Amino acid sequence: MLRDVLIHLIISAIGVVLGLVAFFVLFVGYGNHDVGFWSILSSALAAVCFHLHWIKGKESLDRWHTRVTLRNLNVVGFFNAVAGITALIWYLFLTFYQSIPILPISQSAAISAVWSFICGKWGVLLMFYSNKYELLIQEGSTPILNESTA
5 MLRDVLIHLI ISAIGVVLGL VAFFVLFVGY GNHDVGFWSI LSSALAAVCF HLHWIKGKES
65 LDRWHTRVTL RNLNVVGFFN AVAGITALIW YLFLTFYQSI PILPISQSAA ISAVWSFICG
125 KWGVLLMFYS NKYELLIQEG STPILNESTA
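Numbering of the sequence shown is given in this note's numbering, commencing with residue 5 and proceeding in unit increments.
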């Protein structure tokens with residue numbers, strides 16, 4: 005497995021674990037529902053990125069996905085990136101306009117802003133890698149020379 009794929013796998017695995025930990029600690033433990041939503045969504049997006057890197061590392065990307073499925077993942081990443089960045093702006097506005105403190109954690113809009121940003125980041129990464137892997141499949145599916153053109 006390539007070194008860059010291994011680094012992407014580690015980063016994605018850390019994203020999955022941190023999202024799940026934040027979900028259980030901040031949503032289940034402290035009762036902050038907004039953070040729970042954004043953390044579990046970012047964990048799911050990190051898991052999809054992990055899946056893409058895993059099958060890329062195993063060189064079976066074209067057996068698992070077509071260009072259409074990767075394009076659909078690109079759209080999913082786009083909508084999550086837009087939603088995450090929009091929520092980041094909204095939570096920052098709420099935090100500063102209404103002077104909401106970070107503590108108590110159960111009512112903190114600043115922590116929700118952080119996790120919506122992380123969700124937006126995973127959406128952007130999903131867009132990037134689904135587009136990158138779609139181009140790899142496109143390059144690999146149309147050979148320059150074949151029996152009829154040789």
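Just to be clear, a hint being listed does not mean it is correct.
[What the hints assert, rightly or not] In the DSSO-like style, the derived pairs of lysine-lysine whose C-alpha atoms are separated by at most 30 Å in a straight line are: (1) LYS136 with LYS125; (2) LYS62 with LYS136; (3) LYS62 with LYS125.
[Unchecked claim] Okay, the calculated beta carbon distance ranges per label pair: (4) PHE28 with GLN111: 13 to 21 Å; (5) GLY35 with ARG71: 42 to 50 Å; (6) VAL86 with LYS62: 14 to 22 Å; (7) GLN111 with ARG75: 15 to 23 Å; (8) ILE141 with ILE106: 38 to 46 Å.
Simulated from the structure, these hints should not be mistaken for laboratory data. All figures in this text were calculated on a predicted structure; none of them were measured in a lab. Note that beta-carbon positions come from the ideal geometry of N, C-alpha and C, so glycine has one too.
**OP:** Starting from the hint list further up, note which numbers the structure goes against and sort them upward.
**Re:** Numbers 6, 7 - these are the hints that the structure violates, sorted from lowest upward.
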